[in-house]
Structure formats: C-alpha cells, structure tokens
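So the sequences go chain by chain: A and B. Numbering-wise, the working numbering puts 57 at position 57 of the first sequence, and it's gapless, one number per residue. Numbering-wise, the working numbering puts 1334 at position 334 of the second sequence, and it's gapless, one number per residue.
Honestly, the hints are just simulated from the structure, not real lab data. Even for Gly, the Cβ is constructed at its ideal location relative to N, Cα and C. Among the clues, some could well be false.
To be verified - So the derived label-pair ranges between C-beta atoms look like this:
no. : chain 1 : residue 1 : chain 2 : residue 2 : range
1   : A       : A91       : B       : L1055     : 32 to 38 Å
2   : A       : S96       : B       : L1074     : 26 to 32 Å
3   : A       : A91       : B       : L1081     : 36 to 42 Å
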Amino acid sequence: MRSSRTEVLQGTLDLLVLKTLDSMGPMHGFGIAARIRQVSEDLLQLNQGTLYPALLRLEQRGWIVSRWGVSENNRRAKYYSLTRAGRKQLAEEAESWDRMSAVINRVLRTS
Amino acid sequence: MRELCRVLIRRVAAVFHHRHLEDDLDAELRSHLEMAVELNLRKGMTAEDARREALRAFGGVEQIKEAYRDQRGLPMMETALQDLRFGFRMLRRSPGFSTLAVLCLTLGIGANAAVFSWIEGILLRPYPLVTHQDRLLAVSGTNRGASGSSDVSWPDFLDLQRSCTLIDAFIAEKITGTTLSIGDRAQRVPGSIVSANYFDAIGVHPILGRGFEPGEDSGRNAHPVTVISHQMWRERFNGDPAILGKTQILNGLPHTIVGVAPEGFYGTFVGYAFQFWVPASMQAQFDAGLYKLEDRGARWIEGFVRLKPGVTPEQAQAEISAVAKRLETDYPETNRGRGIRLFPLWQTPFNNAGALLPTLGVALGVVGAVLFIACANVGNLLLVRSFARRHEMTVRLAIGAGRGRLVRQLLTEGLLLSALAAAGGLVVAFWLRDALVLLVPPRGGVALRLPGELDWRVLALSAGVGLLSTLLFGLVPAILTSNIDLAGALRSQSGGVVGARGRSWVRSSLVLVQMSLSFVLLVGAGLLIQSLQGIRSARPGFSTQGVLTTSIDLFTAGYDAQRAKNFQDELVDRVQALAGVESAAFSRMTPFSYRNYSSAPIAVEGYETPPDQQPTAEYNEVGPGYLATMGIPLLSGREFTRSDNETARLVAVVNEPMAAEYWRGEDPVGKRLQVKGRWMQVVGVARVSKYRNFLETPKPFFYVPLRQNFSSQAGLNIRTPQSRGAMASALVREIHALDPGVAPQEIITMREQVDRSTSSQRIGVALLGVFGGLALLLAAIGLYGVMSYAVSQSTRELGLRMALGARASDLLRLVMSRGLALTGGGVVLGAAAALGSTRLLGYLLYNVSPRDPLAFGSASVVMMIASLAACFLPAWRATRTDPVRALRH
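Please build the complete structure, drawing on both the sequences and the hints.
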C-alpha cells in the first residue's frame, strides 16, 4: 500500500492547489490538504505542512489571496481564494501539463 | 518581470513586518493542526493518537516554519541585518576602540576625498557648465629644438580650423584682463579674448542675450561687444534685467554688452574666474595696441579643440600634425620648426593645470600613504580585538556557527567602521575642498579660483577606496580568526612572551610598514623645508631688499603711446625727486611676476644657426636705470639711458649665458643682434639673474629699451629704503598730481613678489608637514597598540622574570628595545623607499639633494622620539606587573 503512493513532484503541487481552489472556491489550508488527499484517493503522499510555503509562493505571485475567516466549526482559519491572474495561470499550467503528459505517454508507449 | 518585482516587494515588506507575520504563521499552523486533531477524534482515535497522527501527517513543524520563512522574506538580507545589529552592539560596547578606528579612517578617507576633489575640480572636470569636457583637448604650439610649448597664431588657427576634418570645433582663447576703477583703487579683473564660436562650441548659453556671432572675430577692433560674467552683472550692474545694449568701458573703449553668462560659468582657464569675454577682433585693444590677427609670426592663442564623437586624440593629433607640416612648407619664414600639439585638459600647458599637476600628484601619493597607515592601524585594532574575542568566537564555533558566518560577522563590523568613517571623511573633504587656494597667493591682485569638485565620481571613488581598504584590513583578522583551533583557544590567554613569534608577526609588519611610510613623508617634508629655506636665503641675482614694485596701466586709462611716454618720464622724475628714493625705472615686466616675458626669434651676426632651427630668446623692455634700480650688475658696457629713444639707434643689453652661447666668449659689446627682423647693437652685458622663478636654469635673455619697444602697461620699480606704506601714499600723490584718473595697482616689495613664486613649495611643505605629522601620530598609535598588547599578553613571562630577580629597569629596557627595534626596522625600510621616491619632488627642490643626509637624519631622530614616547607607557606598565598575581593566574 505504502509503496504505491507517489511523491508529489515539485511544481505540480502549485497546479494541484490552484485546481482545488478553482473547483472548490475559497478554502483554508487544512481543507485544501484534505481535498487533495481525497481526490487522489490517498495515492499522493503529501506532507501537509509543505502546503504552506507553496501557498505563500502562490500568494506572492498574486495568483491567490488570503483572508482570515471563520470555519464551519467556528474556528478561526485563513481562507485562500483564486484571483483572476491565478485562473489564467491555472489554465496555462493545466494545458502545459496535458501536453507534457501526452508527450511522455507517447515516449513510454513507443519504445 | 512585473511578477518578479511584486514578489520582491512582498519579500522586502515581509522583512519589516517580521513579528506580525510570525504570529500569523503560528495561528495558521495551529488552526490546521487543531482541525486535523478534531477530524481524527471524530474518526474515533484517542486524544493522544489523534494528536500524534495529525503531527505525522503535517511533517516537522519547525522545518516547515523555516522553509516558510525562507520563502517569505530575504534570508540573505535578514542575516545581514542581524550582523549589522550585532556589529553596532559590538562597536558600542568598546567606544574607545570604535572612536579611534573611525577617527583614523575618517582622516585617511577625508584626506583622500579632498585630494580627489581637487584633482577632479582642477584637472579632470575643470570647467563647470562646459559640455563634453571628455572631448575637449588643449592646443599648444611647439618649436623644434626648444623645450616647452608656445602659443598659436591667428592665421595658423584659421588654417587649422579649415583643414581639420576630425575636429568639431577649434576654440581660440587668450587670457587677458582689464583694470576697473573702484573709487581710488584700480582693480584688475581677468577676462578672455575668444573666437566667435566660443560659447556655441563649449555648449554654454548666455542667460541674457547671446554669445558671439560668426564674423565678430574678424577685422581690427571692428566689433566692440562683450559677454559679461554673471558675477559682474550682479555686482557691477545690480542684476539689471535691461543690461543688453548698455556699454562697459574695457581698456579705454566702450564695449556693448550683448550677453550675460550663466551663473557658475567661470570661463575655461584653470585658476581664474573670468569676468568678461570679447571677440578676437578686439585683440589689439587688449594687447597694448599690437594687432596680431594677420601676423602668422605672432603666437598668442591658447586654445582648445573639441573632437568629433568617436575620434581618438591620436587620430586628431595625426591630422593636425599633417596640417602643421603643410603650413611649415607654405610659410617657412614664420613656421619653420613649428608644430601643433594636443594635450589632455589635465596637462594643459598654459594654465595652472600643468603647474599644479606635479603638486597634486605628490598630494595623491601622500594621502594614499596616510590612508594606508590609517588602515593599518584599524587592521591592527581589529586584530587585537579578534584575539581578545577568540573566546567568544571559539564558543560560537563550538555551538555550530559556520566559519563563513563568523567571517561575515567580522567583515560586517569592518564595513560598519568604514561606512561611518566614509561619512565622516566626506565631511572632512567638504571642508577641505576649497583649501588649496589658501596656499596659493593672489597674482597681480587677482585672487585665484581653485575649487574642489565633490561630484558623484569623487564620492564613488572615495567610498570605494574606503570600502576596499577596510575590506582588506577587515579580512586579515577574519582570516586569522577562522584558523582558530578549538582546543588551543580555550587555554589561558596570558601565557605569551614579549616578542614572541606567531601571529604577532602580522601586526608587527603592519607597524613596520606604517613606520617606513611615515619616515618617507617626514623625509619629504624635511627636504621641502630645507629648499624653502634655501630659496629664502638664495640670491636671485637682483635685489629683494629695498626695492618696491607696482604696475601702472595707462593703456586702460585711455592714453595713446606719446602721452603715456610723457607720463612715464614725468612720473619717474617726480618719484626720483622724493626724499629717500635712490632710483626708479619702468619695465614691461618685473622678475617673478605672473605675466609672460616677450619672446622673439633672434639672429646673431656671425653666428651660424643650425638648419631647421630658429633660436628664440625672452627679453624685457626696460626703462633707463632699470638694472641699477633692480640691483643687477653690469659686466661690461653700459645700460640704457634717456637718450636711447625712438629716434636713436636700436640697442640691447644681453645677459652672460647669451653672450657665452652666441659670441663664444668674445665681448659682444658693439656687435649686432637681430630681433623680429630689426638689427640692434649690443651695448652691455648684464649678469645672469633669475627671471621667472628660482628653479630655472641660466638661459639666454636680453633687455631692450622700453622707449624703443613701447608698452603703456608697465611696472614701476623703486629703489628706496623706505617702507611700503610710506612709499605707497607718496606714489599715489605724485600720480594724482599728474592725472587723478590713474591709479597704481598693489604696491609690494620684491621680497614679497619672490615669495609668491614659492607657492608650490609651500603647498608641498604644508601637505607633507601636516600629513607627515598625521602619519607619524597614527604610526605611533599603532606602535603603542602593538606594544601594549604584547605586554598585556605576556604578564606571566614578565611576572616570572620579576620573580627571578629582574629589576623594573630591566623590564623597561626589554619592552622599549623591542619597540625601538620595530622603529629601527621601519626607518631602514623607509630610508630605502625614500631614496627611491624623493626624486619625485625634484621639481620642488632648490639646492637640496633628494638624498640630503640632514633630512634623513632629522626624520630618523623624530621617528625615534615618537616611538620612545609610544613605547614608554606599555613599558612602564610592564614594570608594574604584580608577579604574584601574574603567576597565580
């Protein structure tokens, strides 16, 4: 079970976060982590903590913004949401990811 | 790109909101963990398991925080700030050390910045408001077979202007002046005769009116127009906005004011602030009526060229030389052997740049040495501290600080010192920027203008020099510290031995270098003081006692030649009739004045001139009794009398070297000499004297009667035992009796006139004296530092010696001899360096050998005394060592 888990590639974490925020709307860090885990059906191994430097990086670039708010359980939490620039970035990255994986697939199949 | 900027801004902002963001991060991570725990509890885990699982899934909290912080701020900058804060704390903790170090460096950097600013303001960027100074070169004439440079004639100038294609503009200029009367006193103001393209070519636009128009520089006295300086406009015309079209009398002729130069423009002559400019067509009006615009043999222009962009000075020189060659073949009578040479502005031969160049070079060397000495001191101080802080450093290393981090910390402290010192140094430089002119006396009653220029280039260079030197000297302790061996450093610190080898060699050699550099400076100062004394007691070949001199400008007062001759004759009669006056005589020039002698090509009957050469000699136009008045002895023949006038035969008196060179030992009296194509009979031979300054070598020179070569702007020399003050009022009375509209210029003794010529030596003495003293003080501080450190590090040895029966005097001798050995080494090294370098002062030395034993000897004595003083306190402290405490330690 453990060995079939995959390490998250550097850089793909950004894509995952952006996509999550895109489909789920504003979320806090724990929520994002839980969602990634759930969607990947526990196959992605992610140290949840590494999410935070990534969130900061995205925020510094202006792709997401954060705001303190209150969670469903009445807990103070920082909510992240996608900006217009972030949406554009997501589209670009998703497209390049598709292209990349298609190329890699083709290479793997043909040899 | 925009994204990068945004990231950077946020990161920088984060550095300054450190505390707030840190709280934010804590809160966010805590809320994450709590949510995770809550979820786990809901899944049915025990409280402890829920917590452990949450932490496991999260990863190491502290590592994440660290990664987050690195992402958030600027880690490099944050550690730098940390170092800086720590550095400040260290400096504050030892205020004595910090003050001393900063003071040493401030003096060193300040002296350098001041000299840089002089070099910038006088040599490199001498002309404020003039554009493209980097493409400006000075133009001067050369004469084959003669050294030095000459001027350029107007026809040659026009031909060069027409023929050279690589040059944007030829700018002709000649310094001149006029006398403006202010009440009873006549005041000389400097101005300039320029070609019509002048203001356009240098890119200076008058704030009112215009510059000169093409064609205004041709014709004889055809365009009496002038552009006046901003200063003159403000002071003489009270800033009159309707000044254009008004007239100002210059040299007796009304000139229409057509423009006012912008504020801060002083013309293009190093040393003077020009007050007016006239076009070249007015040349004769300012040159005692001699019209030179059509005379190819009359060389009077000191000009500039502005190169076209991209043209090198070599290319321009090649083209100009080719044109000059052609002129030589086209006009052999006037141009044989004549060339044209370009000079960079800082070597300009005709203004004060060339004269100050060697002095500024010496100044640069001196302040460089002072900076080095100051840096060596700081280096030494840092070293001492790095040893004193060895314990601290060792502990830091032991608990895991990287060596790189320690080195960076020490360098930060060094940089902090140098930044403080650089700021202080710039303040010092700001005070000193105009100090140079204080050492140069006014000439002909006109104050000189020699400003320093503290522009960004000077600031950057000074800061760079300061930083570099501190880095260099901060690096030594840093490197030495990084060699600490952990075990050894924790051992006792006072087990050294006086004079032990080991790391102290670095400090000792620094002191050695300091001592030798100070020695060189002291020797230089000694040599210059001796030559100044030599000059003061030297005999220039004319009387310096009992002769007064002044100048009377009848040309400006509007006299024609005949009236001026009458006036001069009558005035001499009246002055000679005054009680106490032995004799009086006019002359166009007086020795050692700032003006130039006339110079002319000569031919001597019976003397074969080598082909391709044109002998020239300088001469003075003098009145009857001039040689007697000046106290210049006659060797044979007679001097001029009243009867050597316009109607009489042309005569001349030659000096000894001239007689020796052209008549080869025969008595030239009765022989003939041709000057500017006119034959003159030699009637006397005068003993050689100094003509311009003391350093000149004997050269051919002759005198002609003022009457036969008239100038209405002439000096009046009076031989009298009376004081200057008494004579001055009598003279003014006699002049006013003849014409109340004429006033004499400043009346001074010949002694004073001679003294004024020694300004370079005095600048040298001031520079070397002040900085030599400073260097010695710094070096003594360095020696003191080394010795007191050595004593403090060897208390155990000293205590042991005492316990074994050494007396206080033995210990005193031990420490003193060690200090003196350092000094002795410094003196030996310095003597070697001085023997090699003092000949650079050759141009300033009068009758003193650069290896003068007296200068070397007295410098050694001064060094010894200073180092005795520096070593005494540490040595005395050594004798106070308490053997019991020293040994128990």
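> Of the hints given before, which are not true for this structure?
Replying inline: Per hint list: zero violations.
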